[in-house]
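Participant: Residues per chain are reported as follows:
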Amino acid sequence: MQTEALLHAPEAATQPTLVVDRLKAYYTTKAFGIDRDIRAVDDISLTVAKGEIYGVAGESSSGKTSLIKTIVGAIRPPLHVVDGTVRFNFSGQSYDIYDMKPDKLQAIRWRHLSYIMQGSMNVLNPVRRIKHSFYDFAFAHMGLDRATFWDKVRDHLRRLDLDPGVLDSYPHQLSGGMRQRTTIALATVCTPEFIVADEPTTALDVIVQRDVLAMLRDIQRDLGSSFLFVTHDMSVHATVSDRVGIVYAGRLVEEADTPTLFRGARHPYTQHLVASLPKIGDTTRRASLPGRPPSLADPPSGCRFHPRCPLAMDICSREVPTMTNLTPRHRVACFAVTGATP
Amino acid sequence: MFTIIRDLIRYNIEFAIGLAILLLLIGAVILSFFSPYPAADIYVVPPDMPPDAEFWFGTTSRGQDNFWQLVIALRNTFAFGLAVAFLSRILSLVVGLTAGYAGGRVDRVLMAINDSIMVIPHFPILVLFYFVLKDEMNWLMLVLILSALGWSYDARLIRSIAMSLRTRPFTTQSVYSGMSMRKILVEEHLPYVMPIVFATTMNNMIWSIGMEITLSVLGFTDVDTPTMGQIIYWANSHSALISGIWWWVAAPVVAIIVLFIGLFLLSMSMNEYIDPRSRLNRMGS
Amino acid sequence: MAAYMIFVARRFGQLLLVVFLGISATFFISHMTPVDPVAESITAITNFGKSDPEAIDLMRKTLTELYGLQGNLFEQYVTFWSRLIRGDFGPSLSAFPTPVSQIIFRALPWTVGLMISATLISFLLGNTLGALAGYYRKSRILKILSLGLIGLQPIPYYVLAFILLILFGFVWPVLPITGGYEMNADLTLSFTLVLDIVRHSILPAMALVLVGAGSWLTGMRALTSNIVTEDYVTFAELGGVGSTRILRSYVVRNAIVPQLTGLAMSLGAIFNGTVITEIVFGYPGIGTLLINAVHAGDYSLVLGLASLSIIGVAIAVFLIDILSPLLDPRIKAE
Ligand SMILES: Nc1ncnc2c1ncn2[C@@H]1O[C@H](COP(=O)(O)OP(=O)(O)OP(=O)(O)O)[C@@H](O)[C@H]1O
Ligand code: SF4
Ligand SMILES: [Mg+2]
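Chains as they are written, first to last, in the working numbering: chain A, 1 to 342; chain B, 1 to 285; chain C, 1 to 334.
Just to be clear, a hint being listed does not mean it is correct.
Label-pair distances were calculated between CB atoms; the ranges are [to be verified]:
{"#": "1", "chain 1": "C", "residue 1": "L124", "chain 2": "A", "residue 2": "D151", "range": "35 to 41 Å"}
{"#": "2", "chain 1": "C", "residue 1": "E182", "chain 2": "B", "residue 2": "F34", "range": "49 to 55 Å"}
{"#": "3", "chain 1": "A", "residue 1": "R146", "chain 2": "C", "residue 2": "F12", "range": "39 to 45 Å"}
{"#": "4", "chain 1": "C", "residue 1": "I85", "chain 2": "B", "residue 2": "E187", "range": "47 to 53 Å"}
{"#": "5", "chain 1": "B", "residue 1": "D41", "chain 2": "C", "residue 2": "I85", "range": "34 to 40 Å"}
{"#": "6", "chain 1": "A", "residue 1": "G119", "chain 2": "C", "residue 2": "G242", "range": "55 to 61 Å"}
{"#": "7", "chain 1": "B", "residue 1": "Y37", "chain 2": "C", "residue 2": "S82", "range": "52 to 58 Å"}
{"#": "8", "chain 1": "B", "residue 1": "Y11", "chain 2": "A", "residue 2": "V337", "range": "55 to 61 Å"}
{"#": "9", "chain 1": "B", "residue 1": "E187", "chain 2": "C", "residue 2": "T43", "range": "54 to 60 Å"}
Think about it this way: if two alpha-carbon atoms lie no more than 16 Å apart in a straight line, the pair counts; the simulated EDC-like pairs of lysine to aspartate or glutamate are [what the hints assert, rightly or not]:
{"#": "10", "chain 1": "A", "residue 1": "K131", "chain 2": "A", "residue 2": "D168"}
{"#": "11", "chain 1": "A", "residue 1": "K30", "chain 2": "B", "residue 2": "D7"}
{"#": "12", "chain 1": "B", "residue 1": "K134", "chain 2": "C", "residue 2": "D36"}
{"#": "13", "chain 1": "A", "residue 1": "K50", "chain 2": "A", "residue 2": "D222"}
{"#": "14", "chain 1": "A", "residue 1": "K104", "chain 2": "C", "residue 2": "E237"}
{"#": "15", "chain 1": "A", "residue 1": "K30", "chain 2": "B", "residue 2": "E272"}
Computed footprint of chain C on chain A; a stretch qualifies when at least three of its residues, placed anywhere within it, have a C-beta under 8 Å from a C-beta of chain C [what the hints assert, rightly or not]:
{"#": "16", "region": "69 to 81"}
{"#": "17", "region": "240 to 252"}
Quick caveat, the hints were computed from the structure, so don't treat them as lab data. Built from N, CA and C at the ideal position, the CB exists for glycine as well.
Work out the full structure: start from the sequences and follow the hints.
Facilitator: Listed below in structure tokens is the structure:
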């Protein structure tokens with residue numbers, strides 16, 4: 001088990017709950033005989049410890065959703081895994097997502113691993129009442145009799161500030177925020193050990209967004225679960241995440257504890273993200289990044305950030321910088337930081 | 001256009017087969033102009049001959065060469081299907097584009113009429129036409145009647161595309177630059193719906209030819225223009241199957257099936273080409 | 001509930017429009033005839049012998065009245081509607097003086113029975129196979145089955161029925177190929193009679209099912225493969241919901257409403273198919289009656305059959321239309 005990720009793992013002694021190792025996943029589209037690869041996840045390694053909140057940030061189309069889908073094994077053609085492994089550790093048992101029988105994978109879902117998809121307002125079956133979804137998703141996993149099960153579901157809804165009456169509604173009868181909270185309730189009712197959430201609050205207005213995030217955080221603390229979540233909103237990461245990984249064009253470029261990342265970011269792209277956060281009393285116009293986000297079908301050579309990077313050097317367009325530890329809990333992939341030797 | 005057809009032939013086996021079948025049948029249609037016998041003449045060859053080297057598809061009890069009858073019938077049937085498809089495409093384009101573009105009350109009225117025509121059963125109406133027209137029911141009359149009945153389904157399809165085109169920026173631009181509705185529809189929207197119109201042509205031909213065959217076999221059309229249905233009609237009226245002249249029935253039935261499978265394959269592959277979602281699904285499997 | 005009532009009212013308006021347009025078309029088609037139905041009928045009757053000029057004159061008057069042909073076109077149109085509403089289509093000429101409505105109602109159960117059972121079977125079969133084929137995309141058996149049914153789909157009802165007739169009438173004669181029951185069957189209700197009727201209905205029903213199932217299959221397969229990419233299906237899969245449950249309660253439940261709309265829209269075509277198939281197999285329903293009426297020159301019967309077909313199909317479409325919202329809570333007044 002001498003994987004690259006484990007070598008860089010912050011607490012190599014205790015088993016991390018999630019180990020992603022050199023993961024590559026591409027969208028391969030075949031149109032009239034011509035293959036086209038979109039390298040949405042390109043050589044990403046990371047770990048998430050038990051009880052930790054790991055945040056993933058990056059601009060739109062950088063491959064955040066693709067990464068998450070690959071991690072939870074929710075990929076569909078044309079997205080497919082090209083290389084690497086994803087391994088979860090639940091109650092001392094290790095599960096390799098891409099090397100296990102489909103029914104076993106199915107068995108750990110929801111009980112141990114639950115996933116709140118991007119656009120979680122539209123994930124409920126439009127033609128059935130909400131209670132059927134709770135029954136389908138959770139009943140078999142909880143091993144309770146019906147009466148206890150429904151009591152527990154109602155309690156859980158109340159904890160999320162939802163009237164248990166939503167159980168008898170159809171999704172289209174609820175507001176977007178209620179639907180999102182219902183989905184979160186559905187994803188957490190079985191007290192899973194690992195919760196994955198992709199932009200769980202993006203469609204909500206700022207006030208509701210805070211509420212929902214606070215709730216998610218509370219539930220995560222209560223349950224002691226690990227939590228991997230994506231948002232492009234850096235200010236949300238500042239308040240919620242324990243550790244943040246920055247994704248640029250399908251690659252992880254920097255990763256550190258939240259305070260370190262916000263105070264001492266080293267990668268030029270992260271520095272730009274942090275600098276563009278609004279600060280109280282600051283009235284200067286924020287410099288926007290020159291150039292456009294790269295196409296993942298035909299990414300720039302070497303460091304994918306080099307066409308837009310203020311510090312770009314010769315080597316940057318030739319060689320790919322690898323993730324290097326600055327401190328045990330701070331990794332970065334940039335020649336300007338680690339020196340020009342790859 | 002040609003590159004599209006070339007790509008379709010190369011990468012879509014259904015299209016290639018459908019096209020091959022259609023070209024074969026068109027070859028037969030061209031051949032029909034070289035028939036040694038006038039179509040309507042009877043007793044020009046010895047009757048009831050089974051297929052052999054001289055009479056490839058045998059001869060009929062009416063003393064006609066089955067092969068030449070068949071290719072001539074194929075020509076008439078083809079012409080029939082094309083004529084109906086052409087006229088009814090015009091109707092469905094006019095109704096569909098207008099309803100989709102105009103929206104509101106115009107749309108509601110047009111679609112209410114459209115849906116009515118869609119659910120009214122055609123067959124009793126066609127029989128009624130024959131019943132009152134009798135001998136006046138000729139080839140052209142039937143073309144007109146079927147065209148009047150066969151546009152509604154595709155008008156709905158075209159309308160739905162026109163509705164989505166209406167919200168596109170280029171339409172708004174044309175409206176502000178003062179183009180008339182007719183001009184916008186003809187110059188801006190028509191090119192977008194043409195591929196769909198081509199695909200529906202095949203389905204419409206399947207439908208109209210099927211109707212024509214049914215009516216012919218029942219003797220409800222002009223019995224003197226030979227079509228595929230006509231041949232079966234004459235074969236039935238001479239009890240061909242009972243007297244063992246099976247080739248008289250088998251030839252048109254097989255030809256019809258081949259024709260329909262060809263049209264169907266073309267329509268299916270064209271639909272697939274037009275709708276990228278179904279293409280994506282194919283790739284995924 | 002109020003929204004549903006508005007929906008039903010709109011559909012009812014559509015029903016009235018269909019009936020109005022269809023019946024008007026029937027009326028005007030039947031009145032543009034170059035031949036005079038009264039003269040035709042008289043010729044048909046006098047062919048059998050008697051030709052007393054006075055009697056013919058009387059006959060002419062009576063028939064003109066019976067066919068509702070007095071007065072100008074508008075008066076005739078009004079007469080046509082008022083008779084239709086009373087369900088009075090006049091007497092049949094070929095079975096004088098039995099009322100047309102009585103003859104039609106005798107044939108109706110055969111057509112309705114054949115149409116309902118064939119439609120039900122092909123709808124269930126096609127949709128089940130289509131859903132399975134769309135969901136289990138890799139299954140070999142499903143692919144072959146689908147290909148078979150889709151291949152039959154473009155063949156017109158007449159030709160397929162005809163092929164079945166040849167196959168089971170000449171090549172392998174195991175099933176009765178004509179009629180609705182044995183020629184001299186004892187028509188009191190008994191097990192043998194039911195069995196006989198079922199045996200006679202197999203071939204016509206098979207023709208309808210073989211042609212119909214393919215289009216349901218294609219439609220359902222396309223719907224299914226689109227619905228499986230919907231977020232709520234992916235979410236349920238990730239939620240560990242079993243695949244049969246997903247297929248039934250998530251995929252099919254969402255696909256069935258558009259399929260029912262499709263059923264309503266194609267009911268006219270299905271009716272055509274039923275009628276045509278009846279003709280091939282000499283099945284004692286509306287279709288055979290219609291053809292016989294045409295051959296016998298029975299003006300009022302042809303007219304009655306055309307009108308009733310339009311009304312019957314329109315009502316069936318209306319019923320399916322107003323039932324489908326019960327399966328989809330999102331359908332409102334629009
Ligand atoms: N089904 C697909 N087929 C082909 N390419 C896809 C598909 N889905 C996504 N992509 C491509 O993969 C890349 C990454 O997309 P992804 O959804 O992972 O981005 P993201 O970071 O989640 O963006 P956002 O913040 O907008 O959600 C994009 O360039 C996108 O165009
Ligand atoms: S490796 Fe080079 S191009 Fe990439 S971020 Fe560092 S300095 Fe910029
Ligand atoms: Mg995303």
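Participant: Run every hint past the structure and note whether it holds.
Facilitator: Each hint tested on the structure:
no. : hint                          : in the structure
1   : L124(C) x D151(A): 35 to 41 Å : holds (40 Å)
2   : E182(C) x F34(B): 49 to 55 Å  : holds (52 Å)
3   : R146(A) x F12(C): 39 to 45 Å  : holds (43 Å)
4   : I85(C) x E187(B): 47 to 53 Å  : holds (49 Å)
5   : D41(B) x I85(C): 34 to 40 Å   : violated (53 Å)
6   : G119(A) x G242(C): 55 to 61 Å : violated (24 Å)
7   : Y37(B) x S82(C): 52 to 58 Å   : holds (56 Å)
8   : Y11(B) x V337(A): 55 to 61 Å  : violated (48 Å)
9   : E187(B) x T43(C): 54 to 60 Å  : holds (58 Å)
10  : K131(A) x D168(A)             : holds (6 Å)
11  : K30(A) x D7(B)                : holds (13 Å)
12  : K134(B) x D36(C)              : holds (12 Å)
13  : K50(A) x D222(A)              : holds (13 Å)
14  : K104(A) x E237(C)             : holds (13 Å)
15  : K30(A) x E272(B)              : holds (15 Å)
16  : 69 to 81                      : holds (count 3)
17  : 240 to 252                    : violated (count 0)
The structure does not agree with the numbered hints 5, 6, 8 and 17 stated previously, though it agrees with the rest.
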